[in-house]
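Under numbering that gives the first Met the number 0, the letters of the sequence shown match residues 0 to 349, in that order.
In case anyone wonders, no lab produced these hints; they're calculated from the structure. Any given hint might turn out to be false.
[As the list claims (entries may be wrong)] Using C-beta positions, here's what the derived DEER-type ranges look like: (1) Glu-170 to Asp-127: 22 to 30 Å; (2) Lys-208 to Asp-63: 28 to 36 Å; (3) Glu-268 to Ala-306: 21 to 29 Å; (4) Ser-134 to Ala-306: 19 to 27 Å; (5) Leu-167 to Val-294: 27 to 35 Å; (6) Asp-93 to Glu-70: 17 to 25 Å; (7) Lys-72 to Asn-222: 40 to 48 Å; (8) Lys-342 to Arg-118: 51 to 59 Å; (9) Lys-100 to Leu-16: 33 to 41 Å; (10) Glu-150 to Asp-309: 58 to 66 Å; (11) Leu-167 to Pro-296: 37 to 45 Å; (12) Arg-329 to Arg-210: 35 to 43 Å.
[Claimed, not checked] Quick list of in silico lysine-lysine cross-link-like pairs, DSSO-like style, CA-CA up to 30 Å: (13) Lys-106 to Lys-149; (14) Lys-90 to Lys-26; (15) Lys-72 to Lys-102; (16) Lys-26 to Lys-53.
Just so we're clear, the structure is a prediction, and the values are computed from it rather than from any experiment. In this text, a Cβ means the ideal position worked out from N, Cα and C, and glycines have one as well.
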Amino acid sequence: MVSVRLVNLTKRFGKVLAVDHLNLEVKEGEFVALLGPSGCGKTTTLLMIAGIYKPTEGYIYFDDRVVNDLEPKDRNVGMVFQTYALYPHMKVFDNIAFPLKLKRVPKEEIRRKVLEVARFLHIDDLLDRKPSQLSGGQQQRVALARALVKEPDLFLMDEPLSNLDAKLRVEMRSELKKLQKQLGITTIYVTHDQVEAMTMADRIAVLRKGRLQQFGTPDELYNRPANMFVAGFLGNPPMNFIEGTLVRDGGLYFDFGYGRVKLPDLDIEGEVVLGVRPEDVIIGEGNLKAEVYVVEPLGREQLITLAMGDVHVKAVAPLSLEVKMGQKVRISFNVNKVHLFDKRTERLIV
Numbered sequence: 000m001v002s003v004r005l006v007n008l009t010k011r012f013g014k015v016l017a018v019d020h021l022n023l024e025v026k027e028g029e030f031v032a033l034l035g036p037s038g039c040g041k042t043t044t045l046l047m048i049a050g051i052y053k054p055t056e057g058y059i060y061f062d063d064r065v066v067n068d069l070e071p072k073d074r075n076v077g078m079v080f081q082t083y084a085l086y087p088h089m090k091v092f093d094n095i096a097f098p099l100k101l102k103r104v105p106k107e108e109i110r111r112k113v114l115e116v117a118r119f120l121h122i123d124d125l126l127d128r129k130p131s132q133l134s135g136g137q138q139q140r141v142a143l144a145r146a147l148v149k150e151p152d153l154f155l156m157d158e159p160l161s162n163l164d165a166k167l168r169v170e171m172r173s174e175l176k177k178l179q180k181q182l183g184i185t186t187i188y189v190t191h192d193q194v195e196a197m198t199m200a201d202r203i204a205v206l207r208k209g210r211l212q213q214f215g216t217p218d219e220l221y222n223r224p225a226n227m228f229v230a231g232f233l234g235n236p237p238m239n240f241i242e243g244t245l246v247r248d249g250g251l252y253f254d255f256g257y258g259r260v261k262l263p264d265l266d267i268e269g270e271v272v273l274g275v276r277p278e279d280v281i282i283g284e285g286n287l288k289a290e291v292y293v294v295e296p297l298g299r300e301q302l303i304t305l306a307m308g309d310v311h312v313k314a315v316a317p318l319s320l321e322v323k324m325g326q327k328v329r330i331s332f333n334v335n336k337v338h339l340f341d342k343r344t345e346r347l348i349v
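Turn these sequences into a full structure, and let the hints steer you where they fit.
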């Protein structure tokens, strides 16, 4: 196991700045997710840690050792890709054994290690099959076994579940988390799926356009997002944002043109963006008047879009709440859970 430290890590491809002075510290044995939309620099960062890309600037430390110039084969890293990258002409046994054969490990030791890791991942009955004879979940386990058989100090995973169907993805999420905790291998996991990051990682690094937006536990990111990007990216359905002004009128109010929201007394004023999560929008009580714009049943709950003029707000409500499109309702926000962001910088104020 190793700790990983990135210091001002930067990668340029010509004029494109893919990763911009990234500073990040992953503790020994920790599971860290790199989360963000396509093109945010998360895979580029992973490939620099693996040694496949050379940084343009900055340093990569494994423990206290700079590994910038270390070849990928000398970093003792296990990688699992989105495509699994299994050799179609080889049987499962040989796919798993391949990294050990490259290291010229003795045959008997290869056999012992392959059987050990195959049993651990419950694929010991598949060793004589070819990849084409396996399901997506089985191929995923073979790719994991091939990475594990090297006994790596560091696990790097690039969207390894994105090719699986929804049910299998949920199953493999918990399997991977359990596996990582059992083995205690430091793991860096790239994903664009916020549910995946929230459920699996000890800490999440949110990236946007190559820059780190926030690094913290799932709870910290969800309840105290650093800016509007993080607030909107984490949570499903995403946070509602309403532009307005803070006014003083015997107390502090947020005025957005179609109503006012009474806030706890704070020493701030001016134009802001109020953020409220759909689960903190309360239908049936309060001083705000809204019209039910659309109702979307989600199984055990419903997602209701509410219109206040041209301001639309989404609310999560129990199925027992009966509302129809076009119906007039009163709503309020749980003011202890609302977020206020600076309209200009989009940073969290309070």
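*asked:* So, against the hints stated earlier in the document, which numbers end up violated here?
replied: As far as the earlier hints go, 4, 11, 14 are violated by this structure, in ascending order.
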